[in-house]
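Student: Sequence:
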Amino acid sequence: MRSLALISLLALPGCFYPADRGRALEAKVDRLGTDSAQIQTELKETREQLAATLPKIDEKVAEVTKALKGLDTASRRKDADIGVQFQKTVEDLAQLRGQVETYLHKITELETALAAQDQKLVSMQGEAALKEAEAKKKAEELKRPTDKKEFLALAKAKAKAGDVLLARQLYNEFMKKWAKDPLVGDAHFGLGETYFSESKCREALFEYGKVLQDFPKAESAPESYLRSSDCFAQLKMKEESRLALEELIKSYPKSAEAKTAKERIAELDKKAAPAKKGKK
85 MRSLALISLL
95 ALPGCFYPAD
105 RGRALEAKVD
115 RLGTDSAQIQ
125 TELKETREQL
135 AATLPKIDEK
145 VAEVTKALKG
155 LDTASRRKDA
165 DIGVQFQKTV
175 EDLAQLRGQV
185 ETYLHKITEL
195 ETALAAQDQK
205 LVSMQGEAAL
215 KEAEAKKKAE
225 ELKRPTDKKE
235 FLALAKAKAK
245 AGDVLLARQL
255 YNEFMKKWAK
265 DPLVGDAHFG
275 LGETYFSESK
285 CREALFEYGK
295 VLQDFPKAES
305 APESYLRSSD
315 CFAQLKMKEE
325 SRLALEELIK
335 SYPKSAEAKT
345 AKERIAELDK
355 KAAPAKKGKK
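Under my numbering, the first residue of the sequence shown carries the number 85, and numbering increases by one thereafter.
Possibly wrong hints are sitting among the right ones.
Pairs of lysine to aspartate or glutamate residues, derived as DMTMM-like cross-links and limited to a Cα-Cα distance of at most 20 Å, are as follows [to be verified]:
1. Lys172 x Glu126
2. Lys355 x Glu303
3. Lys322 x Asp298
4. Lys220 x Glu193
5. Lys284 x Glu330
6. Lys261 x Asp314
7. Lys264 x Glu234
8. Lys240 x Glu175
9. Lys233 x Glu218
10. Lys346 x Glu324
11. Lys220 x Asp298
12. Lys301 x Glu323
13. Lys354 x Glu324
14. Lys322 x Asp265
15. Lys322 x Glu303
16. Lys320 x Glu331
17. Lys172 x Glu193
18. Lys172 x Glu195
19. Lys334 x Asp353
20. Lys190 x Asp247
21. Lys232 x Glu193
22. Lys190 x Glu126
If you are wondering where the hints come from, they were derived from the structure by calculation, not from laboratory data.
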C-alpha cells in the first residue's frame with residue numbers, strides 16, 4: 085500500500101499553477117496566438133500581391149519607354165494615336181505605383197501589429213516563454229539522428245551541456261516519435277533531470293513517476309527512485325523521501341542505487357538517534 089501511495093504521489097500532474105488562473109492564461113495566450121496567425125497570413129498575402137504587382141510596373145515602364153520613342157516618330161508621321169497610347173500607359177503606371185504604395189503601407193502596419201502581438205505574448209508568458217521560443221527555433225534548425233539511441237544521446241548531450249530547454253524539446257519529440265518504445269522511460273528520466281537541474285522538483289517528480297509507473301524495467305528506474313527521494317527532501321517531505329529509498333531497496337535490491345539508498349537510510353537513522361536519546 086505504501087508503495088502504491090508513493091507511485092500515485094509521483095504520478096500527480098506536474099502543473100501546480102492554480103487551475104482557474106492557468107486556464108484563463110492559456111485562453112488569452114491561445115487568442116493572441118490565433119490573432120498572430122491571422123496577421124501573419126494577411127501579411128503573407130499582401131507580400132504576394134506586392135510581388136505580383138512589381139513585374140507589371142516593369143512592363144509599364146517598358147511601354148512608356150517605347151511610347152516615348154514613338155513620339156519622335158509621331159512628330160514625323162503625325163500619328164495622334166501614339167500620344168493617346170502614351171497618356172494611357174502613364175496613367176496605368178501611376179495606378180500601379182499607387183497599388184504598390186498601398187501594399188507597402190499595409191505591410192508596415194501588419195508588421196507593426198505582429199510585433200505588438202509578439203510583445204504581448206512575451207509579456208504574458210514572461211522571459212521563460214521567450215527562452216522556450218528560442219529553444220524551439222534551435223530545435224528546428226538542429227539536425228536529428230534517425231537512430232533512436234543516437235537521438236536520445238543527443239538530447240542527453242544537450243542537457244549535459246546546460247542547454248536544458250533544447251534538451252526538453254528533443255526529449256518530448258523523442259517520446260512522440262517512438263511512443264511505444266521502452267526507451268521512452270529513459271526519455272522521461274532525462275526530462276526529469278532537466279527539471280531537477282533547475283530545482284523544479286514538482287515537475288521532476290512527475291517525470292520520475294512516469295518512469296516508475298509505466299517503465300519499471302527501464303535502466304533509469306532505480307535512479308528515478310533515488311532522484312525522487314532527493315526531490316522530496318528538497319520539498320521538506322521527509323517521510324516520502326525515506327519511503328522512496330525503502331522502495332528502491334525493495335524493488336531493485338541488487339542495483340548500485342540500492343546500495344546508495346541503504347547508506348542514506350543509515351545516515352538518517354544516525355542523525356535521528358541523538359534526538360531519540362534526548363527525549364528519554
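Student: Each hint should be assessed against the structure and marked as holding or not.
Tutor: Do the hints match the structure? See the list:
no. : hint            : verdict
1   : Lys172 x Glu126 : 32 Å, violated
2   : Lys355 x Glu303 : 32 Å, violated
3   : Lys322 x Asp298 : 25 Å, violated
4   : Lys220 x Glu193 : 27 Å, violated
5   : Lys284 x Glu330 : 23 Å, violated
6   : Lys261 x Asp314 : 30 Å, violated
7   : Lys264 x Glu234 : 17 Å, holds
8   : Lys240 x Glu175 : 65 Å, violated
9   : Lys233 x Glu218 : 25 Å, violated
10  : Lys346 x Glu324 : 15 Å, holds
11  : Lys220 x Asp298 : 27 Å, violated
12  : Lys301 x Glu323 : 25 Å, violated
13  : Lys354 x Glu324 : 18 Å, holds
14  : Lys322 x Asp265 : 34 Å, violated
15  : Lys322 x Glu303 : 26 Å, violated
16  : Lys320 x Glu331 : 19 Å, holds
17  : Lys172 x Glu193 : 32 Å, violated
18  : Lys172 x Glu195 : 35 Å, violated
19  : Lys334 x Asp353 : 18 Å, holds
20  : Lys190 x Asp247 : 39 Å, violated
21  : Lys232 x Glu193 : 46 Å, violated
22  : Lys190 x Glu126 : 10 Å, holds
Comparing the model with each earlier hint shows violations of hints 1, 2, 3, 4, 5, 6, 8, 9, 11, 12, 14, 15, 17, 18, 20 and 21; every other hint is respected.
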